[in-house]
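Each chain, written out:
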Amino acid sequence: MKFYDALGLEPKLAIDLDDLKKRFYDRSRQWHPDRFSRSSSEEKQRSEEMTSMLNDAFRTLREPVTRAEYFLRESGLELSKDAPPELLEEVFELNMALEELRGGDESARGQLVLAQERFTGMLADADSGLSRLFASYDGKADAIVLEQIRATLNRRKYVSNLLRDVEKELNVHSAN
Amino acid sequence: MSTLQIDFGHAKPRIVGIDLGTTNSLVAVMDLTGPRILSGIVPSVVSVTESGEVIAGAEAREMLITHPERTVYSVKRLMGRGVGDVQDELRLFPFHIVEGSESVLKLQLGDKVMTPPEVSAYILRKLKEDAEDVLGASVTQAVITVPAYFNDAQRQATKDAGRIAGLEVLRLVNEPTAAALAYGLDKRKEGLVAVYDLGGGTFDISILRLHDGIFEVLATNGDTHLGGDDIDNLLLNIALEDLQSEWGEDFSGNASLVQLLRRAVIQAKEALSFAPSATIELEYGPRKYQREIDVQLFNRLIEPIVERTLGPCRNCIKDAGITVEQINETVMVGGSTRIPLVRSAVERLFRKRPHTELNPDEVVALGAAVQAGILGGEVEDKLLLDVTPLSLGIETMGGLMSKLIHRNSTIPASETELFTTAVDGQTNVLIHVLQGERELVKDCRSLARFDLKDIDPMIAGMARIQVRFLIDANGILNVTAKDLRTGKEHSMDVKPSYGLTDDQVEAMILESYDKAEEDFKERQIREARVEADAIIGATEKAKEDEAYHALPDAERIAIDRAINELRLAYHSDDHLLIRDQIEKLNQATMALAEAIMNEAVGKALKGTNVND
Numbered sequence: 001m002k003f004y005d006a007l008g009l010e011p012k013l014a015i016d017l018d019d020l021k022k023r024f025y026d027r028s029r030q031w032h033p034d035r036f037s038r039s040s041s042e043e044k045q046r047s048e049e050m051t052s053m054l055n056d057a058f059r060t061l062r063e064p065v066t067r068a069e070y071f072l073r074e075s076g077l078e079l080s081k082d083a084p085p086e087l088l089e090e091v092f093e094l095n096m097a098l099e100e101l102r103g104g105d106e107s108a109r110g111q112l113v114l115a116q117e118r119f120t121g122m123l124a125d126a127d128s129g130l131s132r133l134f135a136s137y138d139g140k141a142d143a144i145v146l147e148q149i150r151a152t153l154n155r156r157k158y159v160s161n162l163l164r165d166v167e168k169e170l171n172v173h174s175a176n
Numbered sequence: 001m002s003t004l005q006i007d008f009g010h011a012k013p014r015i016v017g018i019d020l021g022t023t024n025s026l027v028a029v030m031d032l033t034g035p036r037i038l039s040g041i042v043p044s045v046v047s048v049t050e051s052g053e054v055i056a057g058a059e060a061r062e063m064l065i066t067h068p069e070r071t072v073y074s075v076k077r078l079m080g081r082g083v084g085d086v087q088d089e090l091r092l093f094p095f096h097i098v099e100g101s102e103s104v105l106k107l108q109l110g111d112k113v114m115t116p117p118e119v120s121a122y123i124l125r126k127l128k129e130d131a132e133d134v135l136g137a138s139v140t141q142a143v144i145t146v147p148a149y150f151n152d153a154q155r156q157a158t159k160d161a162g163r164i165a166g167l168e169v170l171r172l173v174n175e176p177t178a179a180a181l182a183y184g185l186d187k188r189k190e191g192l193v194a195v196y197d198l199g200g201g202t203f204d205i206s207i208l209r210l211h212d213g214i215f216e217v218l219a220t221n222g223d224t225h226l227g228g229d230d231i232d233n234l235l236l237n238i239a240l241e242d243l244q245s246e247w248g249e250d251f252s253g254n255a256s257l258v259q260l261l262r263r264a265v266i267q268a269k270e271a272l273s274f275a276p277s278a279t280i281e282l283e284y285g286p287r288k289y290q291r292e293i294d295v296q297l298f299n300r301l302i303e304p305i306v307e308r309t310l311g312p313c314r315n316c317i318k319d320a321g322i323t324v325e326q327i328n329e330t331v332m333v334g335g336s337t338r339i340p341l342v343r344s345a346v347e348r349l350f351r352k353r354p355h356t357e358l359n360p361d362e363v364v365a366l367g368a369a370v371q372a373g374i375l376g377g378e379v380e381d382k383l384l385l386d387v388t389p390l391s392l393g394i395e396t397m398g399g400l401m402s403k404l405i406h407r408n409s410t411i412p413a414s415e416t417e418l419f420t421t422a423v424d425g426q427t428n429v430l431i432h433v434l435q436g437e438r439e440l441v442k443d444c445r446s447l448a449r450f451d452l453k454d455i456d457p458m459i460a461g462m463a464r465i466q467v468r469f470l471i472d473a474n475g476i477l478n479v480t481a482k483d484l485r486t487g488k489e490h491s492m493d494v495k496p497s498y499g500l501t502d503d504q505v506e507a508m509i510l511e512s513y514d515k516a517e518e519d520f521k522e523r524q525i526r527e528a529r530v531e532a533d534a535i536i537g538a539t540e541k542a543k544e545d546e547a548y549h550a551l552p553d554a555e556r557i558a559i560d561r562a563i564n565e566l567r568l569a570y571h572s573d574d575h576l577l578i579r580d581q582i583e584k585l586n587q588a589t590m591a592l593a594e595a596i597m598n599e600a601v602g603k604a605l606k607g608t609n610v611n612d
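So the protein lines, in turn, are chains A and B.
FYI, the numbering for the first sequence is 1 to 176, going by the numbering used here.
FYI, the numbering for the second sequence is 1 to 612, going by the numbering used here.
For the record, the hints were derived by calculation from the structure and aren't laboratory data.
Just to be clear, a hint being listed does not mean it is correct.
To be verified - Once the Cα atoms are required to be at most 16 Å apart in a straight line, the calculated EDC-like pairs of lysine to aspartate or glutamate come out as: (1) Lys382(B) - Glu10(A); (2) Lys44(A) - Asp472(B); (3) Lys22(A) - Asp212(B); (4) Lys22(A) - Glu216(B); (5) Lys2(A) - Glu415(B).
Said to hold, decoys possible - Here chain B is said to cover these stretches of chain A; the calculated rule only asks that three of the stretch's residues, wherever they fall, bring their Cβ under 8 Å from a Cβ of chain B: (6) 24 to 30; (7) 33 to 40.
To be verified - Label-pair restraints from in silico Cβ distances: (8) Ile97(B) - Glu93(A): 54 to 62 Å; (9) Met1(A) - Gln466(B): 41 to 49 Å; (10) Met1(A) - Asp493(B): 42 to 50 Å; (11) Arg38(A) - Glu522(B): 40 to 48 Å; (12) Gln466(B) - Ser75(A): 20 to 28 Å.
Note that the coordinates shown come from a computational prediction; the quantities given were computed from them, not determined experimentally.
For glycine and all other residues, C-beta sits at the position ideal for the given N, C-alpha and C.
So that you can see chain A by itself, here it is in the shape it has in the complex (with noise of 0.2 Å):
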């Protein structure tokens, strides 16, 4: 995987970041175009398509999230996009309640901080349950396991939007 060969790392799941970021900040030093100011055209084009491909990969490698879903598409797995079944009364429970405070209908309210704490708690398990999930496919490359992380991603990413919209009609409306 390309991203973790240029950072010269073993592709794995979980990483230590502190780890991540010495190699990040050594290899600019190395690479980066300052670097190559007075050198040939075809060494500073190779300091470009260096540092651009370190810096996009330590970007994507130094969050959870985005390194497992560049981690599954390289394994070949894409990312769902359809709503988490398990979800869908309570999403269209909220979305009345989000219909309700937008006409101005305060009695919403409550319901909607409910949610909030629930969605947040739900985030917090997804990260804790992915941590878990990285080690263990780390030990053992198990195709299960993959499809765990897959769907925890995929949960994740949905319950995050949800709780972004509740937010910003709680602020919307708080704000007035």
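Here the structure of chain A is known, so what remains is to put chain B in place on it, guided by the hints.
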């Protein structure tokens, strides 16, 4: 110019650092002891004289009053912009835009028509010459600073200006980042630094992490149309309203008076940073105008402008993924940060007293010189990791913008995208590249349209063309395309939405060589010849004097020989030789000059060496 020229011979050519500001510009260089400003502040003003000569700097600033219609200032506000973008500026600035300025503005100055990059090139050329005079060597490479929030077209326009001025622009550096470089240079600073940069025409906020010699920009934000100019315009409007009621006339169309008034307003504004009140004073013919402004009124007036800087600051903190408490230092840059209300607003937001010990007018140029030192290899332990201020994307179905590279990504950054054909036999694919944060294409900045042409006709969806979008270390977009089926580079036509095409820039470079450009060596020869003309002329005149005929033969022969030798050297292309012979003629005529002085007749030879 001194006759003593230090010849650096084959020394490595120096890279200069240039702060190309809205109001003023500066050039600096990296010395062994640190960055150093070369020569003085150059006002960013360009004027065309009645004889068609283009002048830049302090001289041109005087022309603002006498010939406002052929003089341009704050041209940085027009860089990389189209007519539609600058309607607001045109209400406040006396720019004369020529008809037919769709993608590049064209300004009418006297009988000349110039684009903003050409105008900026005259400022750069002045800085280049100033630097050459101080360094005693030719300058051909530069680092130029730009507002961090400049988009691709504005950056490209700045780079074009450098090329037209005969400078190879090795790097564009963001102004707040440059300031951080100057600030953190000799201190062992670690931690998070916020740079608040409120200049003449632009506002930037950047948050950096400093650690182990690396200056890593975490996030940047800003407004490329917010600065001291806006404050001037507020005060100017008040003064113009006053004049209308006091003198019963609307002077807003009187460019010369408006410029006088602008100067008066700026003086009052600057005084208000240090005094509780100041007076806007104008004398115009027999009439006098005075208006006292106290700090309370001034603060009330500018509060909305100061407030407009705070939103970008909050967004920047959020984008950096930090909280305000984590920021260790706040650094102030730009002349407008001298205003007490600005300082107190920044202190309130960042909950820390901002650093103001560096001269806010010089710190950006000094930082540019440090970056020049990094590129030149003189500074080895520092490295800048900057970001792109705006997201880059392409137009997709339904007029939507699909982001490829997100804002605040470390540059160089790249993304590849696979394109194919939608109908059978289609031979070209059009890619519309945009910059901005909004979802709809119409709310983003159009950068360029790339036409992937000459695709072999085949069934829809069969073509495989991989396009690579790269934002380089200057924050400028580079696009390449590869046909995955053949593995060969795929050709494309590029139509920039704003700005000059490569051919146009090339034409301007050629033109500038024809008309104004002469390199440093030519200039030195020309100057030596002017001096030689002066001393030969004066000597010939002195030869008509009685004192000459009273000289001993040997002295007269020595003078004639020195004149002849100077005439021989005159046509060489070695300015040092010319100057040597000037010096010899000076020596040879010493006795003659003395005799004439003693006689106290005719003109003193002593005054003939024009540059002594």
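| request: Hints the structure violates: just list their numbers, smallest first. | output: 1, 9, 10 and 11
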